[in-house]
Each structure stands twice: as C-alpha cells, then as structure tokens.
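Participant: Next come the chains, spelled out residue by residue.
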Amino acid sequence: MPRILVTTEDFDVGAELARLESGAGAIASFVGVVRGESDGRELAALTLEHYPGMTETALAGIAETAMTRWRLTDCVIIHRIGRLVPGSRIVLAAASSAHRGDALEATAFLIDWLKTDAPFWKREDFAEGGSAWVEARTDDQKARDRWQIGGTTAA
Amino acid sequence: MPRILVTTEDFDVGAELARLESGAGAIASFVGVVRGESDGRELAALTLEHYPGMTETALAGIAETAMTRWRLTDCVIIHRIGRLVPGSRIVLAAASSAHRGDALEATAFLIDWLKTDAPFWKREDFAEGGSAWVEARTDDQKARDRWQIGGTTAA
Amino acid sequence: MKILYFAWLRERIGHAEEDITPPAEVTTIGALTDYLAARSPAHAKAFADRRAIKIALDQRFVTDGAALGTAREVAYFPPFTGG
Amino acid sequence: MKILYFAWLRERIGHAEEDITPPAEVTTIGALTDYLAARSPAHAKAFADRRAIKIALDQRFVTDGAALGTAREVAYFPPFTGG
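Protein chains in written order, with our numbering: chain Y, -12 to 142; chain L, -12 to 142; chain U, 300 to 382; chain P, 300 to 382.
A couple of the hints might just be wrong.
As the list claims (entries may be wrong) - No farther apart than 20 Å at their CA atoms in a straight line, the calculated lysine to any residue pairs in the SDA-like style are these: (1) P:Lys301 / P:Ile354; (2) U:Lys353 / Y:Asp(-1); (3) U:Lys344 / Y:Ala119.
Unchecked claim - So, partial list: chain U residues that the calculated Cβ filter (under 7 Å) puts toward chain Y: (4) Phe305; (5) Ala306; (6) Trp307; (7) Gly329; (8) Thr332; (9) Phe379; (10) Thr380; (11) Gly381; (12) Gly382.
By construction, these hints were calculated from the structure, which means they are not laboratory data. Note that CB positions come from ideal geometry on N, CA and C, so glycine has one too.
Chain Y on its own, in the form it takes in the complex (with noise of 0.2 Å):
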C-alpha cells in the first residue's frame, strides 16, 4: 500500500527504499534537492507551502494511478513543507516492481504528476534579500500530459 508523507522533517532516503524492496526485484527512486541558486541568484531558502487535506488526498491519487497503470508491489511519496536551506530534500518519489521497467517508469510518472497536480507551492527567498513564488513552468506541464498519450512508453 502506497506510503503518503507531507513533512516539515527531513526523511531518511534508505529506510524508504528498504521499505519497499520486501517482494520486489526492482526499486526506483527520485530524490529532490533545494539548490543553491536559481537563474543565477544565490537562494537562502525555498519556502514549501501546501494546502492541508488535499494535499494528501492528490498525492494519495497519483500513488493509485501510478499502481494501477503499472505492475507494482508497492510505492512512496514523501514532500517537505516549510523552509528548507540549499541542499535540504525536498521530495522523495519511489516505486518498486518485480521488473525495472515498471519501477522506473513509475517513478518518473509519480514526480512529473506530483509537481503540476498537487497542491504545494514554492517560494524562493534570496541572499540578498527579497523572494518570488516560483512560476509553474509549460515543461512541467508537458512532462505531465505525455502520460496520458497511449498508455506507457517505450521500456
């Protein structure tokens, strides 16, 4: 059963994917990192803000989807809120399967969804001063909608 986790703590990548090799012969992960810059600004901090309640449900959603459109035994998505330095994880997206087709492709599906379709936001506050909510990009977009083109792709 998909595992759903929002958080303001930091989680432990290999516990995670411990947890998910029990059954499986394939583990895929995705793990996000705040950067140290953005366009070329050095970030003091990317502040996570999310709506409460939904957002477990959304992240509950693309989980299902993801376990039904793939032969999976199990997956997880873990997403921080609040403020988090440069080099703090953000998100955590992992996926296993007896085989490494399901679980990579699957894992790809559970970040591309997770970042057009639930609820958080992103807020950059720079060095020098000042911050900028992050734009939602059309690459994100695209990356989503080619999903739901004719099923999987190519594995």
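Use these hints to put chains L, U and P onto chain Y, whose structure you have.
Facilitator: What follows is chains L, U and P alone, placed relative to chain Y:
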C-alpha cells in the same frame, strides 16, 4: 567523477545517494534485488560471476557515456558478485543532475546498458536442487538499443 | 463558507482564510470571485489576473461556471509548483 | 597466451583458465576457437554452439576473422546477464 564498485559485500543505498546530493537538484536511482522465484521455481540463490579487469573498465565506460550524454553532476554503479540469497541487493545505478529529466533518463540508461554491456553472468540455484545459467533476453537488448536512436528520448 | 488563499494570493490579500456568507444572488464560482475581488483594494489586486488563478471547491478543481451549491470551502491559488 | 572461460563455458570445460601456445598456423580468432574445440571432448561440447559464444581479445569484443597478433588474453563467454 563516477563511482564504480564491484564487490561481494552489500552496499548502503542511503549513503551512496547522499553522496550524489552534493551540488545536485535531482538524484535518481535504481536498485536491483534478488527475487525468491524464477519462472515459478523457488530460488535458493543467485550466483554472479564476472570478468575481473574487464568489468570495471566496462562499467566506467558506461558511466562515462552517461556523463557525456546527459548533464549530470555525478553517477554511481555498484554491482555485487558471488552468491546472493533472495532479498539481497544486486546492483545500484544512480545519477544526479540539476534537473530531474537528466537524472531519471541517465539512470534508466545506466541499468539498461549494464545488463547488456558489462561482463556479468547470473546462475540461478534452485531450492529443489540444480541450477541454470540465465539466458540473455531479447528485451534487454531492445531496451539497450533504444538509447542509440536519435539521442535522448522525450522527458 | 470558508475561503482559503495560498501562495501569492495569501500574501497579497494579507491572510490565509476568511469566513464569509455570500449574498443569495452569488450562486456560481465566477460570481463568488467577483464578490471577493470587491471586498478590498488588496483583494482587487490579488484577483487582478484571473487567468493566473486556480480554484478548488471542496478540494476539487472548478471553473467560473460551477454552482456554489452547498460548498463549505473554496480555495484560490496559483498553479502548483511542488516537487 | 591466456585463455579464459566464463559461466557455462567454464563449467563445461571444467576450468576457468588455460595457458596455451597455439601452433604458428593459428593466426585468427576463428582458427584459435577450432584449435581449442579439438583439445578434449569437454572442449568440443562447450564449443558446440558457437553462435551462443562471445569472444574478447585483450578485453575487446572480436569475431572469427580477427587477427590474433600479439594477443595476451582471449576470453570465451555467453552473452552478459548482469544487472
């Protein structure tokens, strides 16, 4: 610089992925685990043989190809050899980059090429006795060859 | 009815939440947005570019034509940027 | 010249390694394979289906026509199945 390791020992997935986080925004990984059965027959173990000397060269070449084809900050390939009981980790392939597309694609590339281009052989030792060398799969060759047509796939 | 604002909408309006009872003639999401935009200069500024705003009624996406019905919670926010 | 066998080739032949000095007329990989296949019944059985066997000369893939030259190590093995 890519980390390449061929070892009889288990590896620490969390520590390996943490090493890739430095200077990256995205870390993708693949872990392979010995399953308990093969085509319905219960496995006692999987025994991994390799070609010492050629193995590290082949793995380093695959990692270098990935570093050249995608914008990666780093990558790692760890492959175990010897006798591995069900539930044991066999292989880790992981790549880090500024953005998720590169890390995810490069990880899929690493594991696809590893399967066909690195000198490892698997023998299945069955619970009921007897053993059989795993035969190379046409699907693995296809998965490998998809990376040769027109550079990267959509992501 | 609970109104929620997120990200720059919250910042521009100055708070995350409002409890309102819209007048009887406000029966659609579009009318509700017009009503909220008229509440203060800060609201007007926040709602200036409506194409940049997404709306959820009881945590489901809706567009201007949607009926308010017995909605308990309407949320306004920019497109998601998590992950 | 060092000859290496891996996986089922090693098992069928009964050892992993041989040091041999092929006769002067053995100048190609194809001829070397013929020469090795004639060494014993076990060798003959191991080399029965040559299409199932890959060959590396000094750790680089070669086919039957390749010249042995000053090769120090020739390895015989089935297609790789790692990962």
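Participant: If any of the earlier hints don't hold here, list their numbers in rising order.
Facilitator: 2, 7 and 8
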